[in-house]
Amino acid sequence: MSVDRTEDLSPRIRDYLASRMPHARELAVGQIERIAVGWSHETWLFDLTWREGGEPRRQGLCLRRDPGNALLRHLSDLEMQYRVLVCLDSTPLPTPRPYWFERDTVILGAPFLVMERVPGVCPSPWGREGRAFYAAAAARGKLPASFTATLATLHTLDWRAAGLDFLGVPAAGAGFARREIAKWRELIAASEHPPEPILTDLIGWLEANAPSRARTTLVHGAYRTGNLLIHEDRISAVLDWELEVLGDPMYDVAYVLSDLNREGTPLLSNLVERDAFFLDYEAATGFTIDEEVCRYYNVLYAMRSAAFWMSASGLYATGQSDDLRLARTAWSVPVVLERAARDLGY
Amino acid sequence: MTDADLLQRIARMLRQDIGPAVGAEYPRTQAFMAAVVLEKVGRHLGLASEHAAAEAADLTALLVDLGRLLEDENAPAPVCAALDSLARMRDSAGLCRLIEALYAARAALGEARFGDLLGRVRQTLRRSIDRRMAVAG
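Taken in order, these protein sequences are the chains called A and B.
Residue numbers 576 to 921, in our numbering, belong to the letters of the first sequence in order.
Residue numbers 547 to 683, in our numbering, belong to the letters of the second sequence in order.
Hints in this document: simulated from the structure, not taken from any laboratory.
Treat the hints with care, as some may be off.
[To be verified] Covered by chain B, according to a simulated footprint, are these stretches of chain A (three or more residues, beta-carbon under 8 Å):
#1 594-605
#2 712-720
#3 776-790
#4 909-920
The beta-carbon is built from N, C-alpha and C at its ideal position, and this holds for glycine as well.
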């Protein structure tokens, strides 16, 4: 039986939740919808209604399913995401509350996690509507402040106390940058993409110039608008916990500073004024933003992007995915390589 | 009608007629993505033979120039071997091996010579990526 169609999925989700909620009666899954977000895992949103102690209840839930063809391949781990969300639930960082992780593939055909559907919207920063949304929010001023404050919270939370040390502490000195380079090399190798000489040049440069990190914090890995849920002009949840690591907070800062994450505006992530970001982030964290190190990490992001797109297009090319968004990324590879060439000065 | 024109026409239909008529978000996105893919393939087909000829000419020029820059007896053997291999294979894997050999021999080459050799390779890489961007961009 197929479990890819919503009509097939709904009763299976209901039965699963019934087994996890022994006091609930008359469970019903409604308004289930697959949304086109994320590159690794399917995302389904639905409303769960039930009766408990005679009272009617309703809860919005989000289900993420790993169909086994994640863009990050062996580097993607839904159970790891679940563990990270469990750890973060007790911290001040706004994240969706995780409820269940299920590795038994019999239930929905693939492992999945169920978490809270946090109120808010997550406009794509790449579309016209999203750009207008962030431009209006930037003018009001409250959301940009929340964007920076939330990143500062992420970088200053006590990751040891939260139990996140299972993510692995990188070796001292340039260990963080080298570990990232090695990770993306692995993904490139797994993608079986034809050799790319600009990428070879890029990796040679990255290895020769890897910086030492000043401190170790939790790093989100993709902190930008589009991965943040917004409610009433503030960040209501940090989403997309797939690239998180323990490492150099400048890795996230570099991503915020990158012009990759803004379209036709000087505002960082289409939202925040650069000077205000520096001022507020440094005041909230006590860290000084090292622009030289950030420039290095931006070049490292070019390698990471190349790895993503090679992996994505490879999944489509080998028939492991039918998602045409992945097919399109075959043409994203030269785009990021061209950018890398400019970063290296040619 | 050429193959490239045919693909462009189908892409237009997907983008303008079929995509907007699809109600659900996921399949609508797929329809628009299909249009984008067909447009790129069409552009690639139209430029393929011109680009292949330019790639071959650029590689020949690179081999000649690097051969001159490495013709003295102090040239590191692994770099010379990688250049010979590239001359035989004439492919991107060979070019990658040459770049790796240059980085590995950086200390032996000295910064100035390393910069000259890598700089010449980068000229070729820039022309190649510009051609690919004519399709991808």
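Status of the hints after comparison with the structure:
With 0 residues having a Cβ less than 8 Å from any Cβ of chain B, the stretch 594-605 of chain A misses the three-residue criterion, and the hint is violated. Using a Cβ-Cβ cut-off of 8 Å, 0 residues of the stretch 712-720 of chain A lie near chain B, which falls short of the minimum of three, so the contact claim is violated. A count of 4 residues in the stretch 776-790 of chain A with a Cβ less than 8 Å from any Cβ of chain B is obtained; the coverage claim is therefore met, three being the minimum. Counting residues of the stretch 909-920 of chain A whose C-beta lies closer than 8 Å to any C-beta of chain B gives 6; at least three are required, and the coverage claim holds.
Against the hints set out earlier in the document, violations occur for numbers 1, 2.
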